[in-house]
Every structure is written in structure tokens, then in C-alpha cells.
Amino acid sequence: MKKYMAHYRQTFKLAMPVVLGQAGHITVSVADSMMVGRTGAIPLAAVSLATGLFSIMLVIGLGFAYGLTPLVAAADGRHDQRESSVLLKNSLLINVLLATVLVIVFWQMLPLMHLLKQKPEVIEQAIPFMQLLVLSLLPLMFFSAFKQFAEGLSDTVTAMYITLAANAINILLNYTWVYGHWGFEPMGIKGSGLATFTARCLMAVAMFGYVWFAKKFRPYRFGWNMEFISWAKIKHLLYIGVPVSMQMTFEVAAFSTAAVLVGQLGSNELAAHQIALNMAAVTYMMASGLGAAATVRVGNGVGSGDLHSSRMAGFSALHIVVAFMGLMGIVFTIGRFWLPTFYIDNTEVIKVASSLLIIAAIFQISDGVQVVCLGALRGLSDVKIPTAITLVAYWVLGLPIGYALAVYANMGVQGIWYGLLLGLAIAATLLTLRFNHISRQKIQEQTVITA
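The numbering used here puts the first residue of the sequence shown at 25, with every later residue one more than the last.
A hint or two may mislead.
As the list claims (entries may be wrong) - Ranges of calculated distance between the beta carbons of each label pair, as one might list FRET restraints:
| hint | residue 1 | residue 2 | range |
| --- | --- | --- | --- |
| 1 | Y203 | V181 | 49 to 55 Å |
| 2 | A433 | I253 | 52 to 58 Å |
| 3 | L351 | D104 | 48 to 54 Å |
| 4 | L226 | V416 | 38 to 44 Å |
| 5 | A433 | W236 | 55 to 61 Å |
| 6 | I409 | K239 | 29 to 35 Å |
| 7 | Q288 | T365 | 23 to 29 Å |
| 8 | D330 | F232 | 29 to 35 Å |
| 9 | I128 | Y432 | 52 to 58 Å |
| 10 | D330 | Q288 | 51 to 57 Å |
| 11 | F36 | D104 | 26 to 32 Å |
| 12 | A256 | K375 | 55 to 61 Å |
| 13 | I151 | P424 | 37 to 43 Å |
| 14 | M29 | D369 | 42 to 48 Å |
Said to hold, decoys possible - Using 27 Å as the maximum straight-line C-alpha spacing, the simulated DSS-like pairs for lysine-lysine come out as follows:
| hint | residue 1 | residue 2 |
| --- | --- | --- |
| 15 | K408 | K257 |
| 16 | K240 | K37 |
| 17 | K259 | K37 |
| 18 | K143 | K214 |
| 19 | K466 | K408 |
| 20 | K408 | K259 |
| 21 | K239 | K257 |
| 22 | K257 | K240 |
| 23 | K239 | K37 |
| 24 | K143 | K408 |
| 25 | K257 | K466 |
If you're looking for bench data, these hints aren't it; they were derived computationally from the structure.
Note that the structure is a prediction, hence the values are computed from the model and not measured.
Backbone N, C-alpha and C fix where the C-beta goes; we use that ideal spot for every residue, glycine too.
Given these sequences and hints, build the entire structure.
Below you can see the structure in the form of C-alpha cells.
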């Protein structure tokens, strides 16, 4: 382990701002759930349904943005500023066009929410909240293009500050508009959605302003005209971005589909599902910060030709995430009856949520390992096989088995969560084996070439 100490320090230094930024990012969902949960189980169930469906849309978009980071990291390893600049501009074009298409498509699909066999009162409150979430994708995708570019250049601190500031504003606006303070009328769930939209607009403006005006980014500002459009670069970005988007979509869509299935069991079950999922999402987003650091450090190693360093960087992130997620599993277990009280005071909902938090505690390490391995493999530009692994783990095995346990074994919402646990365990195991194999293979290939 001594040989990893330097890598632990470098990974930790790079990851911590991303982890804190990701924690701030998920605070949007936590704040929405906590604020709305105090108004009742039906509004909280509506937030759960809308957030679950929007998450599918969100990860489709963010996956494309994440494709920029390993390419910029590799270019930075070669000290190629022009390459990084052109990649940013083409990525921004992809993000804006994709966000526009997604907003139009999902807006047209909103009336179809009535077909999901949820309680009518839940659907009635979910639709206006969902409308505001859908619109917020445009500024969020704009923000993500500049964020992933900065992170590819190992600047992870600024996005953290911007995200934390925006989320502080989101909490303040939630408090003001949901309950009605300082002269505003109570807006309930719609006020929460408006707060999220406003915060994300501010994030987009702030991140663009930083990248555009900061002195350190001046070498990347040339060529903002039609000539910067490169179909070769767009194809390269899509080669990474499409599989990454699919990886994220397979996992998040599995949890979102689980929310729909749970909603058919009752509004209390759906509210409990939202609480437990919200808590698990906090730790997942923090683990994904370590995954982002793994992408950058592994990508830098590839760009500079130091594949031994790339491999050790990936494993150092895995060691850290196992320790962190193991600790979070203990926290979930000890606080399973106490943590849900931050969301709601309904004793039946708290009882169900506490049972789900035990399952969430069990899958913490698997969840962290799979997201870090995906990040490390992304740094190696290995995205196709990992995409297939996530598809099989969640949709061929995890979700169908969870549904069978819930319906045919009469395990209810717990059965669905046991299926998700199985999917995460399978994904973590196969992705770890994949990273170990690919990183070792690339080192052997390099040795043969230089021999």
C-alpha cells in the first residue's frame, strides 16, 4: 500500500472539489424532497415520480458532456491547448443541440404521465414540477460543457464553488416559494421546481463567465466561429459520449423504473422509496466525484504515455471509494430510523424507508466501485464493453429479478430494492475485472512496442 500513498494524495486532492460539487449538485434533489415532504406524502410522492423520470433525461444529456473530460485530459497530458479548445467548442455545440431536442421530446411526453398507473393526485402535482425540471436541462447542459472542460484541465475547484453557491440559493428560494415567506404566496411543489430552474440558470452564467474571462483560460479562447466545427472531433466526442450516456441511463433508468413500479404499490411506499433513494443518491454523487477524478488522472497518464501511473491512479480511487462507501453504509444502518425524519413525520413512511436504508447500506460499496471503475475505464477510452455490462446488470438481471421478488414473492418495495442491489453487485464485479484486464493489457502492449 505504501507505493499508492502519492496516488492517494493526488487523487484525493483532485477528487475532493468534485465530490463537494457533486454533493452540492444532489442537494438540489435533497432540498426539493425535504421542503416538499413537509407539506405531505402526496407532494413528496409527486417529487419522487417527477425526479425519477427527469433523471433519465438528465443522464442522457450529462453522459454526452462527460465524454469531453477524458479527451481534454489526454490533450492536456500532451500540452495541446488548441486540441482542448476545439474539443470544448464542439462539445458545447453537441450539448446545446441535444438539450434542445430532449426538452422538446420530453415536453411532448408530459401528458403521457397519466398512463403510468399512479394516483391521479400524484400525477396532478408531478406535471407542473416536471415542466420546470425539463426546462432546467438547457442551462444545466450549458454549464456541464464548461465544467467538464475545466475538470479535464484539472480545475475542479471552481465548479464546486459555483455549484455550492447555486444550491444555497436553491435552498433559500425553496424556503421562500414553497412555504410562502417575505411577501410571496405559498407555491408548494411548483415553487420548488421554480427554485431549481433559477439556480441552474445562475450556474450556467457563472461557469461560462469564469471560463471566458479567467486569465488561465485565455489560450483556449481562439477560433469561436463556424470554422471551429469539426466533424472528426464531433465523431470522437460522440464515440466516448454516447456509450457513457448509455451507461448512466441504464443505471438511472433502472432506479426510475423502480419508482414507477413502487408507485403502483401506494403513495406511502413511493414516498419511502424517494427518501431512501435520495440518501443513496447523495453518497453515489460523492462517489462519482472520485470516478471523475479517476477519469482525469487515468486520461492524463494515457496522454503522457505513463500507463503504469494510469493503472495505479485507477486503483487508488477504488481504494478510497471502498473506504468511504463502507463508512456510509454504517451511517445508513445506524441512522435508518432517524434520517427519514428529516423528510417527513409520517410514521408508516418512516418505517418503510428505514427498511430500504438497510438495503442501501448493503449496496454502498458496490455502487461506489462501479461508478469509479466506469470513470477509470473512461480515462482509457474503454466505453463499449462497460456499456454492455451495465445493460445486463440492471436490465437483464437486476430489475426483472426485483420485479419478480416484489410481485411473485410478495416482498413489495423491498423486493424491488433487492433486485437493484443484485444489479449493482454484478456491475461492480465485472467492471473491476474489466479495468484490471484492460489497464494491464495496455501496459503489456506498450512494453512490446518499446522493446
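message: Check the structure against each numbered hint from earlier and tell me which ones fail, lowest number first.
response: 1, 3, 6, 9, 13, 17, 24
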